[in-house]
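Protein chains in written order, with our numbering: chain A, 1 to 356; chain B, 1 to 356.
Honestly, the hints are just simulated from the structure, not real lab data. It cannot be assumed that every hint is accurate.
The list treats identical chains as interchangeable, and a pair is accepted whether it falls inside one copy or across any two copies.
Pairs of lysine to aspartate or glutamate residues, derived as DMTMM-like cross-links and limited to a Cα-Cα distance of at most 25 Å, are as follows [said to hold, decoys possible]: (1) K161 with E279; (2) K352 with E286; (3) K22 with E308; (4) K354 with E181; (5) K61 with E239; (6) K310 with D327; (7) K118 with E23.
Computed from a predicted structure; not experimentally measured.
Number of protein chains: 2
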Amino acid sequence: MKTTALIMAGGRGERFWPRSRKERPKQFLSLTNDGKTMIQLTVERILPLVDMEDIYIATNKAYMPLVMEQLPGIPKENILCEPVGRNTAPCIGLGAMHISGKMEDAVMFVLPSDHLIKDGEGFRNVLRKACSVAEQGDNLVTIGITPNYPETGYGYIKFIKDEKTGDSCKVDRFVEKPSPEVAKEYLSTGEYLWNSGMFIWKVSTVLDKFKDYLPDTYKGLLRIRDSIGSADQDAVLNEVFPGLESISVDYGIMEKAESIYTIPGDFGWDDVGSWLAVERIGERDENGNILAGNAVNIGSRDCIIQAEDKLIAAVGLKDIVIVDTEDATLVCDKGSTADIKKVLEELRQEGKEKYL
Amino acid sequence: MKTTALIMAGGRGERFWPRSRKERPKQFLSLTNDGKTMIQLTVERILPLVDMEDIYIATNKAYMPLVMEQLPGIPKENILCEPVGRNTAPCIGLGAMHISGKMEDAVMFVLPSDHLIKDGEGFRNVLRKACSVAEQGDNLVTIGITPNYPETGYGYIKFIKDEKTGDSCKVDRFVEKPSPEVAKEYLSTGEYLWNSGMFIWKVSTVLDKFKDYLPDTYKGLLRIRDSIGSADQDAVLNEVFPGLESISVDYGIMEKAESIYTIPGDFGWDDVGSWLAVERIGERDENGNILAGNAVNIGSRDCIIQAEDKLIAAVGLKDIVIVDTEDATLVCDKGSTADIKKVLEELRQEGKEKYL
Chain A
1 MKTTALIMAG GRGERFWPRS RKERPKQFLS LTNDGKTMIQ LTVERILPLV
51 DMEDIYIATN KAYMPLVMEQ LPGIPKENIL CEPVGRNTAP CIGLGAMHIS
101 GKMEDAVMFV LPSDHLIKDG EGFRNVLRKA CSVAEQGDNL VTIGITPNYP
151 ETGYGYIKFI KDEKTGDSCK VDRFVEKPSP EVAKEYLSTG EYLWNSGMFI
201 WKVSTVLDKF KDYLPDTYKG LLRIRDSIGS ADQDAVLNEV FPGLESISVD
251 YGIMEKAESI YTIPGDFGWD DVGSWLAVER IGERDENGNI LAGNAVNIGS
301 RDCIIQAEDK LIAAVGLKDI VIVDTEDATL VCDKGSTADI KKVLEELRQE
351 GKEKYL
Chain B
1 MKTTALIMAG GRGERFWPRS RKERPKQFLS LTNDGKTMIQ LTVERILPLV
51 DMEDIYIATN KAYMPLVMEQ LPGIPKENIL CEPVGRNTAP CIGLGAMHIS
101 GKMEDAVMFV LPSDHLIKDG EGFRNVLRKA CSVAEQGDNL VTIGITPNYP
151 ETGYGYIKFI KDEKTGDSCK VDRFVEKPSP EVAKEYLSTG EYLWNSGMFI
201 WKVSTVLDKF KDYLPDTYKG LLRIRDSIGS ADQDAVLNEV FPGLESISVD
251 YGIMEKAESI YTIPGDFGWD DVGSWLAVER IGERDENGNI LAGNAVNIGS
301 RDCIIQAEDK LIAAVGLKDI VIVDTEDATL VCDKGSTADI KKVLEELRQE
351 GKEKYL
């Protein structure tokens with residue numbers, strides 16, 4: 001069966017402010033030192049398994065020019081513009097409908113556009129295994145990441161140890177972000193994986209699940225499908241999509257359906273969820289710092305400094321993140337990176353839209 | 001007797017980097033919100049006691065244009081340019097020789113150009129008292145600041161409690177910057193004052209002391225005096241001054257001479273020795289922060305943020321100093337402000353002279 005992919009690239013990436021901005025969120029930035037952006041790396045990573053013409057990018061209209069600029073090989077009609085963000089279920093449904101309009105059936109990878117993966121071949125091996133599971137019956141497959149520390153920022157997947165076939169495990173249930181104690185417990189049982197947000201299924205299977213569990217959404221998606229290629233395509237999308245229920249595929253389908261499998265993966269995955277990820281990706285100096293750009297450090301330890309041309313002098317700091325850009329500088333305690341979004345709220349309230 | 005003043009303005013003010021630079025040190029900056037620079041405030045403060053034409057500014061050649069720009073009322077011949085810095089004794093000797101060339105004798109105030117004083121009238125009252133003591137015999141008078149906490153960054157003056165006449169006290173000795181324990185002890189005795197570096201004496205008296213305690217310096221100063229007003233003035237200064245011993249007036253004269261008096265003062269003095277002074281000068285918000293310029297704060301406490309036009313976002317910080325300028329940003333732990341000079345050393349070593 002043919003393999004296709006839907007890459008979800010509509011996120012705003014606020015946690016990477018001030019480097020990420022409304023008009024250029026995280027997936028369109030390079031956070032590695034190869035100069036490639038996150039979305040370019042995401043596409044490059046699956047090209048051995050999927051033809052360029054079978055890769056779909058779901059994003060919002062504002063990012064269309066960025067997608068075209070950064071991924072010139074993707075056919076223009078494969079760039080799906082959501083009129084508004086409606087969480088992952090409608091996004092995935094839109095992608096599935098586009099694919100189903102082009103071919104009888106296909107395996108569909110659903111991938112975030114802003115995760116990093118160190119071991120590309122290891123990742124593809126997991127995808128290959130996932131394909132063979134997804135091709136059978138109405139299996140829904142999710143990639144679970146073998147956890148190596150008790151992260152509290154991720155959801156977890158509990159699998160059933162006794163129901164392991166080859167490399168795939170039957171999923172017992174999905175659980176929300178745990179407390180530190182619970183996360184430690186999860187790790188100790190060996191029955192929990194990190195929920196990576198990557199899915200593999202047949203287009204026909206996932207559309208059946210929409211029909212079963214999200215019937216209203218399914219009806220809307222059918223109306224959209226019928227308009228694809230017609231003169232009304234944009235008008236129908238703009239009319240129907242905003243009315244679809246905003247719900248995640250995890251909550252709308254995965255937690256309700258049977259036949260959920262997970263393939264545990266260990267391929268250097270990172271969801272790059274905050275500036276702290278820079279430490280996991282990069283090389284620390286002898287004092288635990290990650291320094292980039294025009295920076296001078298006197299006695300600071302365990303800091304992340306992302307300077308550009310302007311000189312940043314760090315003196316005697318501990319566990320501080322400094323990110324400089326043309327018009328804004330962030331100085332943030334490592335324990336407070338979740339509050340970066342409050343900066344954006346404050347800026348909105350003060351009418352300082354230009355910094356968003 | 002006529003009153004004159006020598007304002008010492010040759011310092012580099014490295015501790016106020018990056019706002020202070022080689023070409024514009026602290027005394028030429030405004031650190032208060034009245035827009036006036038430190039040296040302008042220094043002159044303004046003594047104008048009720050000293051005629052503008054009797055105020056002398058000792059500085060180095062590079063700052064001559066700044067002095068002329070900021071203090072247009074000072075006669076050009078009163079701006080004394082030291083070819084090189086030689087600490088306070090040669091600087092004061094140079095000033096005394098210039099004054100002695102113009103008038104028979106005079107009282108001379110010697111004042112730093114980069115201190116802040118909240119109560120100007122209180123300060124002038126102390127100067128008035130100091131004048132009357134300095135006019136008698138060969139008294140040397142220094143202003144001692146009544147300490148209100150055990151500061152370890154200042155030298156102290158020990159006075160003799162039993163030898164108090166009116167408001168002036170006989171000085172027992174000068175002591176170096178103490179340890180925290182010793183500073184506390186000093187405070188508890190009530191016999192120690194902070195050494196403010198402000199002196200009052202007759203020109204004739206201080207020149208006599210140079211003759212007694214720094215005879216080689218005195219001889220050099222005489223050669224300089226003989227050239228004042230002649231075509232050779234600059235040439236002689238440039239030849240003689242660099243050869244004078246580099247020594248402070250405290251060490252060269254005050255610690256050796258008899259008849260040293262101090263007038264204790266309590267007029268809201270601050271030597272503005274580091275960025276931490278901003279807290280003593282300014283108003284803190286309810287979280288103990290001092291914010292200036294285009295700054296957004298989310299949850300930071302006890303921070304000093306001196307932004308300019310560029311947005312500075314501080315998130316979850318504690319006891320951090322952030323100072324932004326056009327081409328450099330300092331982020332410094334409050335406990336490490338003494339290490340700011342190491343930044344300058346590092347920049348020098350890296351050949352990044354443009355930031356100095």
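Hint by hint, here is what the structure shows:
1. K161 with E279: neither (33 Å within a copy, 60 Å between copies)
2. K352 with E286: Classified as between; 23 Å across copies, 39 Å inside a copy.
3. K22 with E308: both (20 Å within a copy, 24 Å between copies)
4. K354 with E181: neither (41 Å within a copy, 52 Å between copies)
5. K61 with E239: Answer is within; shortest intra-copy Cα gap is 15 Å, inter-copy 73 Å.
6. K310 with D327: both (11 Å within a copy, 5 Å between copies)
7. K118 with E23: neither (27 Å within a copy, 49 Å between copies)
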